[in-house]
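Protein chains in written order, with my numbering: chain A, 869 to 1119; chain B, 3 to 194.
In case anyone wonders, no lab produced these hints; they're calculated from the structure. Note that beta-carbon positions come from the ideal geometry of N, C-alpha and C, so glycine has one too. Take the hints with a grain of salt, since some may be wrong.
[Stated by the list, open to error] Subject to a maximum C-alpha distance of 27 Å in a straight line, what follows is the list of computed DSS-like cross-link-like pairs (lysine-lysine):
(1) 111/B <-> 1074/A
(2) 32/B <-> 955/A
(3) 52/B <-> 189/B
(4) 1074/A <-> 189/B
(5) 910/A <-> 189/B
(6) 1074/A <-> 1047/A
(7) 189/B <-> 1113/A
(8) 1113/A <-> 134/B
[Stated by the list, open to error] For each label pair, taking beta carbons as the anchor points, the in silico distance ranges come out as:
(9) 1111/A <-> 126/B: 56 to 64 Å
(10) 65/B <-> 1012/A: 27 to 35 Å
(11) 23/B <-> 1097/A: 45 to 53 Å
(12) 1027/A <-> 89/B: 20 to 28 Å
(13) 107/B <-> 1013/A: 34 to 42 Å
(14) 1048/A <-> 107/B: 36 to 44 Å
(15) 932/A <-> 102/B: 54 to 62 Å
(16) 1062/A <-> 102/B: 23 to 31 Å
(17) 954/A <-> 92/B: 23 to 31 Å
(18) 1104/A <-> 72/B: 40 to 48 Å
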Amino acid sequence: MLKKRIIPCLDIKEGRTVKGTNFKDLRDAGDAVELAALYAEKGADELVFLDISASLENRSTLIELCERVAAVIDIPFTVGGGIGSLKDATRLLEAGADKISINSAALRRPELVDELAQEFGKQFITVAIDSKWDQDQFAVFSHGGTRRTPRELREWVQELESRGAGEILLTSMQGDGTKEGFDLPMYRQLADIQIPLIASGGAGCKEHFLEVLRMPQVDAALAASLFHFKELAIGDLKSYLNENKIPIRHA
Amino acid sequence: MIAVVDYNAGNTRSLMNRLQDLGIKATLTKDADVIAQASKVIFPGVGAAKAAMSSLQAADLEDCLKSYKKPFLGICLGMQLMGEHSEEGDQSLLGLLDFEVQEFKGVPKVPHMGWNSIFNLKGPLYRGLAEKADLYFVHSYYVPLSDFSSAGCNYGIDFSAGLERDNFFGCQFHPEKSGPAGSLILKNFAAL
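Just need the whole structure built from these sequences, with the hints factored in.
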């Protein structure tokens, strides 16, 4: 049986984790690679690295980070932040990324998704979406959630599927950082999605993971600070989900 | 020395890293002579069957792989290319083993992406591995179960997670991305 995935997300700036962590057992709390290795050991199923500096001059540090992660991590990882061309994608693939995540670039020029899928295969292409309920619909936002686009969530997902996206990472802007739970009505909108779906934004406790992972259309749940600050241990979360009949990998 | 076939079809860096971590000597190569001389071959691959077959032909590696008589491990698309034919783009394959690669149909989501358990484990690659161990998969096409399936997996239907016939082995999952369970399989292959 296919397992539901638990994914810690690391926000990166110039190769280091931004929000910091509470891990006393890390030599350097800001070192993304050390933290990634710890998560892999504790049973994370996959990792996501989002480069929030995302400017061109920082491209080389992201690639370097990718190489360092690939050298020590034996689970899949996705890299995102400012990827806008086939050239960026090629460099990250060569650096060892299993998947790339694109967001604003796909909204700016949706054909990029077709081109990337054609070149690398759809399994390499995760499209990240930031959305929230706004004026009677789930609206899609770009530029780190700062700009509202005319797009509606469900239609955008359907377009991405047909263009060759391999996975959707859907962040609820309303939920993000609140720890009040995943935005279940948002994921309900995507009951008929045909590619893997990662839920993100709002995780505050293990019950929240159970709620969202019970939805058949949700394949994975992502969280950042909850794990970084040890408010929830991955092992405990997985045991709890397993007791509650969610199919989970035991590491 | 293990030769890892380099033909521009996917993420070989992670595989080379894992082999190095495990202390397994390997070289990434597209040189037919180096491959022919190697004690074992690993044939990786991700992406589309047609593009991968074209790259193999461009690198002039088809004959060299077909005539290889020592332990040979195809991974993911590499395993699929060992068959006769793929439904993916109606593509002829290497024909090392007699199977047809089929498309997942009637499953809610494609690709089959994530950790899934393997069962009915047979042969030396799975020595020391528990039944129902979880491995990492990502693929849209599959190899049906057959006489030479050495591991099964279920996604809508039962399919081959592993193959073994004579010197030829295959795994549909990515051992280099499957944590300790995957590392064990790579070590078992290296020890053949």
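What hints, given by number in increasing order, does this structure fail?
3, 4, 7, 9, 10, 11, 15
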